[in-house]
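Colleague: Chains A and B supply the protein sequences, listed in that same order.
Its first residue numbered 1, the first sequence is counted upward by one per residue in the UniProt record's numbering.
Its first residue numbered 1, the second sequence is counted upward by one per residue in the UniProt record's numbering.
It should be emphasised that the hints constitute simulated quantities derived from the structure, not laboratory data.
All the given hints hold, so there is nothing to weed out.
Below, computed lysine to any residue pairings styled on SDA-like, alpha-carbon distance capped at 25 Å:
# : chain 1 : residue 1 : chain 2 : residue 2
1 : A       : Lys361    : B       : Thr40
2 : A       : Lys361    : A       : Leu271
3 : A       : Lys361    : B       : Asp42
4 : A       : Lys361    : B       : Tyr45
5 : A       : Lys361    : B       : Arg49
6 : A       : Lys483    : B       : Val165
Now for the letters of each chain:
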Amino acid sequence: MSTRRLLEQLAREGLVDRDALDEATPLGQRTRDALAGLTGEGLRLQQAGASVSVWLGALLLAIFLVQMEITAVVPVGLAFGAAGLGLAAVLARGPATLLELQLRWIATIGGQVLILASLGEVIGDDESLCVAALVVQAITVWLVRDLAIGVVSVLVGAGALLVLAAELHVGPFGHGLLALFLGTCICGLWVLQAPLAARLGRLWQPLAYALPLAVWAPITIGAGSRREGGDPGGLPMFLGTWAADAVLLSAGWAALSTWLIVQAGRERPELRGGAQRAAYAGIGLTALLGLDTPGLSAGLTLLILGQLRASLNLRLLGLTAVGSFLFFWYYEHGSTLLSKSIVAVSHGALFLLLAGLLRRKAARPRKAQARPLAARIADLRWLSLALALGLAIPGYVVVQKERVLSSGETVLLRLAPVDPRSLMQGDYMELRYALVSELPDVERLAPRGALIVTRDVDDVARFVRVDDGRPLAPGELRLRYAKRGREVSLGAETFLFPEGEGRTLEAARYGELAVAEAGDSVLIGLRDEARRPLGTRLHDR
Amino acid sequence: MSDPLAGPPIAVRLHALASAGVLDPAAFERARELVGGTPTVDAWYRFARFHLIILGTVLAVAGAIFFVAANWDVFTPHARIGLAAAAMAAATLAGGWIGLDKLSGRAAGLAGGLLFGPLLALVGQVYQTGADAFELFLAWAVVLAGYALATRFVGAWITALLLAVITIYLWIGQALGSHPFDTPGLWGSLAGAAALSALALHRRVHRGPSDAIGLVALTLGWCITFAHGAVAISIDGWPFGQVIALLLALALPAVLLQLGRRLDDFGLERLAVAHLFGLLTVAEGKLVFDVLDAEIGGLLIMGLLLSVQGYVGGEWFRARRPREEDVS
Chain A
1 MSTRRLLEQL
11 AREGLVDRDA
21 LDEATPLGQR
31 TRDALAGLTG
41 EGLRLQQAGA
51 SVSVWLGALL
61 LAIFLVQMEI
71 TAVVPVGLAF
81 GAAGLGLAAV
91 LARGPATLLE
101 LQLRWIATIG
111 GQVLILASLG
121 EVIGDDESLC
131 VAALVVQAIT
141 VWLVRDLAIG
151 VVSVLVGAGA
161 LLVLAAELHV
171 GPFGHGLLAL
181 FLGTCICGLW
191 VLQAPLAARL
201 GRLWQPLAYA
211 LPLAVWAPIT
221 IGAGSRREGG
231 DPGGLPMFLG
241 TWAADAVLLS
251 AGWAALSTWL
261 IVQAGRERPE
271 LRGGAQRAAY
281 AGIGLTALLG
291 LDTPGLSAGL
301 TLLILGQLRA
311 SLNLRLLGLT
321 AVGSFLFFWY
331 YEHGSTLLSK
341 SIVAVSHGAL
351 FLLLAGLLRR
361 KAARPRKAQA
371 RPLAARIADL
381 RWLSLALALG
391 LAIPGYVVVQ
401 KERVLSSGET
411 VLLRLAPVDP
421 RSLMQGDYME
431 LRYALVSELP
441 DVERLAPRGA
451 LIVTRDVDDV
461 ARFVRVDDGR
471 PLAPGELRLR
481 YAKRGREVSL
491 GAETFLFPEG
501 EGRTLEAARY
511 GELAVAEAGD
521 SVLIGLRDEA
531 RRPLGTRLHD
541 R
Chain B
1 MSDPLAGPPI
11 AVRLHALASA
21 GVLDPAAFER
31 ARELVGGTPT
41 VDAWYRFARF
51 HLIILGTVLA
61 VAGAIFFVAA
71 NWDVFTPHAR
81 IGLAAAAMAA
91 ATLAGGWIGL
101 DKLSGRAAGL
111 AGGLLFGPLL
121 ALVGQVYQTG
131 ADAFELFLAW
141 AVVLAGYALA
151 TRFVGAWITA
161 LLLAVITIYL
171 WIGQALGSHP
181 FDTPGLWGSL
191 AGAAALSALA
201 LHRRVHRGPS
211 DAIGLVALTL
221 GWCITFAHGA
231 VAISIDGWPF
241 GQVIALLLAL
251 ALPAVLLQLG
261 RRLDDFGLER
271 LAVAHLFGLL
281 TVAEGKLVFD
291 VLDAEIGGLL
301 IMGLLLSVQG
311 YVGGEWFRAR
321 RPREEDVS
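Pulled out of the complex, with its shape left as it was, chain B reads as follows (with noise of 0.2 Å):
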């Protein structure tokens, strides 16, 4: 067994220590002050003005969102689209002038791009050109990617994969009046998640795991990925559509698996292995209750396997976890 002091001192063992008895309050509050605990004037300033910039911002352009939705009649319809493309206009020119290297002139060149929403859903307003949102959506994600090359802020591309999700969605819904786990709105839901999850291992490969715009990719992409293993399982019938999205859905963590053991990444082979149990789950599930038609006796059977599911996996993550703090 390891030697319980060998470990860095990180919070939740100095919490113990506090707790246990070991530290008293002066020590403790010592301790947190030797382990950089307690915060700098230098990282208050950091942490202040990052927050104010960024929450200001956000809040600036809900705000406007929340104006454009009230649908106010006292300017007439051209006045409130020339007061939304100069509010764009300001906020656009404003970054540039600031400067794309500091966050203020970074944030205020995102608030132009988020500001373009509100100034196409005014237009959609005026000429009532649809509560379909997903054009909409598109015409913001494109211009929202035009920014983020622009100001080459991540949260700006970050932005930018969301609204382009959200685009696929309102597009399968609104455009196709499909539904993502039926064709043909199955086909752009698997084409958007493939998309996701190669963008989210090629920034992995290029960028390493801490790429945010991979992270998110990833989140998104294993979601439904996931999503569509698991509905692929459970349906009855297996059509066409179906045994794609469970070809997708096994081909991903096999990926993951691959990738993770050659580039040593931990965090990707966690992904696959859940991903694996996960949809083993389902498939158990369909069989008990569906094919054996097991009722209250299901239950048990389900419990069990879960059970040891769960322990086999507990196995796989202590043998595979890596354990270089242990050795400190």
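Chain A extracted, bound-state conformation (with noise of 0.2 Å):
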């Protein structure tokens, strides 16, 4: 269907003037410059003119400008940044060529620049020159008719106003409260989208199509820089703690979903009821269930918002926010991750089992015949090949260290501990032997091979020499190396400790390895500087 057979279906419903088809008449004409920059045309235009060289290309040329100090003469600099903006609201007026299309770009990015970097000459502090950028990009959606540029002018205005928070040091909950006002506006504008799109004019696209990328950068960025006793830059989707404030900022984001379950009844009065109801409920649970993570709940808002309005790009973006999320989260030390491990299994128990009741409540036709036992048994058959691979490498794992634990040696390296996190398998301390530093020359070592160590009264390990293949003398030990760069490794560089240790883990001055005959270890635990174990010990021999 095309526009044009869509406007003559809505005349003939009596919901559209006949005159908007008629070039000829006021409306037709508002029509046609309503649709001018979009039709197939425009939008190859726009997407020809809007490239990322002409971008940088605007952003050098403002750079050289004021590194030419025309802006150290304050009028001179906001004439010249006023003049580009003008020059772009002209070349917006009318149908536009390529290189019209792109000077707009360019004698918009140079006006900005120039404006802000003539301001910042008389502006003493980041705050104020904040509020200079939102009002810069507020008179540029208001001055330069392109949508385009009005879309990434909102962007940019919104980043100023969360840079402006950040500088105002408004703290986690501030920050919670601009995601959720940021989230209302967002919903608003597309749950109320026909009379505001009225009300706003040429507004409301640049609004309704950016603000949902910008609340994405509350949602998820800043998390991995929390960190216990309080941050004050810290965001409020990763208070450790149930707050007040955490609980009302995700009881704001499930009030905002729910109104969005409302209109789609409205939309779709089938879908009261029942599946209302269950919406709710759904909704509700996880609020309760994640009081500390409305960043979770501000994600399922933009999902929902997402299907409301048949928009791909909302869903893909709550998507992400909800994956981006998990990502920071993991590296957020505001809460436990045991608690965390709680609320995300509680979450994802509570999503699988409403899909089940989906399944079973919801009026729609299902295959009646139950599944044949064969074709069970043959995705069982390839699935249980898949396991066996599965639980064999773990399962070789762990039978060739338990040989190590039951034959081994226990020999102390002397180390220097620092603590990371690590990928996938928590906190950890990097471990450094001091055994290693006295290697001579390793740059001759062969990439693998064992080192010969003694030991003496208390177990801590002496270096003798290189494997050679000479057999060993009394009391000596293998201990094997493998290279890794120009690094000397022993096999047992971190050791990973339960949640909480970290502290106690400080004085530890030694690692404790179960060695075996063939130089294999194994690192049991540490110990600190008058050879005592520390932490829980997970291998007593």
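Each of the two chains sits in its own frame; use the hints to bring them together as a complex.
Modeller: Given below as structure tokens:
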């Protein structure tokens, strides 16, 4: 169906004036003006004109002017900047060629940089500069009648708002309220799109298209920087305690999701009743289970909004927000991994339970026949093979390590620890063994081999020589090594420990290894200066 | 100039008409209804079920990862390993029992494959096999490829592919003690980029541009190859490895252009041109700022060069982009 056909259909139903189809009438002209930049050719032109090369080129030209100290004379800088924005506004008044479209971008970017750089000469603080950036973006959206430039301006404006909030040290709750405010704006713009588009005019599109991208930032970014003890720059969705402010934010996102479901019922009355009640229950339980994780609720709100407005982009944004939130959440130290695990698993179980209930209760035709047993067995056969492979690998490692543990000698190696968090395996210490620094001429070492060590009365290892095949003297032991670049690894350079034991293990001065006859080793634990074991011991030998 | 009313009534056009006051709220809602912009009950059902199953699976597996990472010492090490293995086996067998022809069955099977990661991580914790995660990710990628073969689930293949790429870079850093832009790590990274690009192009030729595995492989291969090309141009001295990297970075767009023309695939052509323009920009930057040592003047030269480049690229884009919409 073409836009013309659609308008004809609406005219037949009395919803649109027929003049909209007639180019000679004012309404017909308005229709064409509205769609002028959005024809197939217009959209192609927009894509061709908005290239990274042009943006970077414009930025460099503007920086050149700033470097030439044009903005040092503030009125001159402001005049040039205003001229740039004015030129962009004039170029955006009518249909454009590719060159004119690209000049719009160059003039807009150049104008904005010159104005902000000039204002930077007289404005002393970052907060005021953020406000100035917001005002400049608002002026740009108002002046330059170009949808793509409008969208980017709203994005930059939202970025300035977030930076302003950080500069004002509004704290986690303030950032959360800002995210919730943006979320409310997004839901409002899209749920009430028909009346708001008519009321806001050409402002509606840049706001509705750009704000969902802007809210993604406070949902996800910054989680990794939050540390125990509280960081004022941290974000609320990563609060470690069930504080009243986190509850409020979570409830806020749940309220937005509820609004979207209410709207879905209005637009599709068939959804009212059981389906809607189940959705309310799901949203309520999600908020309840994740009181300190409103970031998850925010992602789900975007997802539901995407479905309500049949927008794949919004749905993808919602999924991306949930995925990014989970990633940053893992590295956040405000709450324990155990409590995060409970929250994530309970959410997962709730969703799977709801999916099962939905299948049972939904009034839609289902395949009447049960799946034949032969088909199930065929599926199980292939999956069992994959499962066997999956269990064989860790099984082999377990057997190998248990052998070393049961027959190995205890050796202590002097060390110097530090403590990051591993991808997947939790908190750990990086261990550096003093023994390695005693090795002569590491460059000449074979890529793999064994070191010969002896032990003193406290089992502390002393380096003797690199294994050259000679028989071992009494009291000597082999210890395997492997070269990694210029480093020598003894196979136990990290010690993974239970969450919360980091402080206790700071006293570690020795690594305790079980070393088998062939030189294979297992790191059993850590010991302090007096050789006393530290922390939880997994293998009592 | 084409007729503004000729194109299909996509969302951006309806929004523009509503913003201009051509469509009042009632007309706008009716227009959405006519173009299928209001999801049906069935669409809501499919949306809810799909996302509940996928998000439920992802969150359950994420919870398992968090649990393992917590390294909770209330259970004995062997009990923990047993629990993780039991969870993996239960999810896998549940997938087979529900049936791999259903989304829930495939998701359960995929969860079984994903739970292999936490299981191996747990073994690593208990026996302190090291936080060098590349061995873990390598084993995980292999096992997940097995699950992907069994479940025939695109999501499983994509996850296995991503794990394989992570493995390469962890291996370069942790096993080779090297860097992706420095030998010997460079060879590993280049081999990975070439393999990804070859896989992507093979799938593009045989399955078309909408193939999800091909798209992921193409995105990764393109990004890695471009990064190598950019570093090869900007590095001083041109060691042998960087020459090979640059040759690969130039060969990829050549192949993309050739294939794009042969398959009438504008996406490939566009990617090739973006690649070449990007490398050209890096070369210009090197020439202006490093060789000619132009400081402030260099900003002007680069700004003008990039603007011209943007114009030339834009004209190429307009000339080459298919115009199917104009004839509707």
